[in-house]
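Given these sequences and hints, build the entire structure.
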Amino acid sequence: MNVLSAERLTIAFGGVRAIDGVSFDVAPGIVFSIIGPNGAGKTTLFNLISGLCLPDDGRVRLCGEDVTALAPEQLARRGLSRTFQNLQIFARLTALENVMVGRHRHEATGIAADLLHLPAVGRQNRRTREAAAASLARVGLGDMAERPAGSLSYGALKRLEIARALASEPTVLLLDEPAAGCNPTETREIEDIIRSIVGDGVTVVLVEHDMRLVMNVSDRIHVLANGCTLAEGAAAEVRTNPAVIETYLGVHSAREAAGAVG
Amino acid sequence: MSVHALLERFRLLRRHRLISLMPLAAIILLMPLLFPSAYYFRVAALVYIFAVASLGLNLLMGFAGQVSLGHAGFMGIGAYAVAIGPTHLGIPPLFSFVLGAMLSALVAFVVGRPILRLKGHYLAVATLGFGLLLAIVFANEANWTGGPDGMTVPGIVLHDWPLRGAATWYWISAFSFLVGAMLALNLIDSPTGRALRAIHDSEIAARVIGIDVAQKKLVIFVVSSVYASVAGSYFALINGFVTPDVSGFLRSIELVAMVVLGGMGSVVGSLVGSAVLVVLPQALTFLQEYEHMVLGLIVMGVMIFLRGGIVPSLAAALGGRHP
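If you read the sequences in order, they're chains Y and G. Mind the numbering: the first sequence is residues 0 to 261 in numbering that gives the first Met the number 0, read in order. Mind the numbering: the second sequence is residues 0 to 322 in numbering that gives the first Met the number 0, read in order.
Think about it this way: if two alpha-carbon atoms lie no more than 20 angstroms apart in a straight line, the pair counts; the simulated SDA-like pairs of lysine to any residue are: (1) G:Lys118 to Y:Glu72; (2) G:Lys118 to Y:Cys52; (3) G:Lys118 to Y:Ala70.
Hints listed in this document are in silico derivations from the structure and should not be mistaken for laboratory results.
This is the structure:
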């Protein structure tokens, strides 16, 4: 069964159809990438899937369940998490606390217990801290745990967001341009992290501009242009698809582009 | 650093959190040795009473990032509960005090639901309206409240011990602040506390990791209303009298000023902010008609030079941590 499905998703902003009848199915345990030129609607599509926007038409299914109308927090509790292209970090919290908050859906103490610091809260904090420290170490930020997140470098914050999302133990993780603004070394680290996430059985849906990264990690690629589906297929198929090359680089340079992307 | 070493350090920090209230307890115990008269006990008691209210508001503003310009409304509920309960309804004072806190929580729960959806300036104006509304009710329901002239508040008698006199109220209010601070520190280092601090920085990120933002805001609004209610009851009891001013606009603003002046998100900051705004007007009375002008200038000066509030700014300057 597919972990995530979009069925004819459509949304318009002031008459402009940002997403127009987009459908796709994501099989479990793969890296599913969504690519397209700037303004193709990739982030809008993510916002629809993660519950930040409500589509005008169409459905989103998570593990078969219709989750179209659910709020982000409800989706998170069902195992869908995401990162943001323009970082959404808890800047005043430490790096470790950022990731600890990511475990929120696994924490079960109530406000009364929290105020009184009942033993259950102490145990809970310990478990959360251990899991969070492990997530941090996994993205290579073990040494930064106590630093306020606001003081970390851009590349570190990108990884911190991934660690935070991972801490919630999602079944599906949406990564919105994880390598944007990263240097080649950092991009390679992101690539390794994505591989290790998928290795753990998490399904990754990736929006990314760095074609090398996309081609390296993706099992399937879905190409958007002007809010519509242009093509979908395995990396090799998409790479040689004339329509894709044309959209990316214009028809005249299609021949060179085939070489460049390849 | 290994994961294990990391965890060890955090365990130490946590212990540090628990002992961080010891200096405060010492100050509370030793301060009275310096008090030459009952007047000093009274002023100090007022400092702790307002510190309780501003600490509650600080949980809402400093941690969860939600402003309230109507928090004195909850002080009013607490104050009038201990006045009206025994006078008109025959409810024992101590029980009235508890009922007042529960009523505040209930009102906060009902009012909080719709208005906490609002953000920033809109939330500020909505809470402002809430505070004004309560002040008007207290002023107009003269049969119950004595109207603008206020009403007397019967004292609390525990067995044979009447809670009377500045010194008694000093100990009660200081101890209450200590308890309030303990609860606040507990909360900060808990799942709810982390979620609230996260909401302050990014509501969207908080939502996508599964935090029910509306519910968390409501919870902290209710908790902070109880702090304000307790402070309001004490304020009425120490004065033996209550007027609608207790829930007035100026009171609400004063509470916000205490939070910001002392330091948003700082437990000790609430006490310092309250101390400044309670003690300074008393200390400046010799200036007579210039009193308010000088007070205003001092507050402005503090905010300009200690931008993050007194406690966080000084702590940063000294390179230390603070609770």
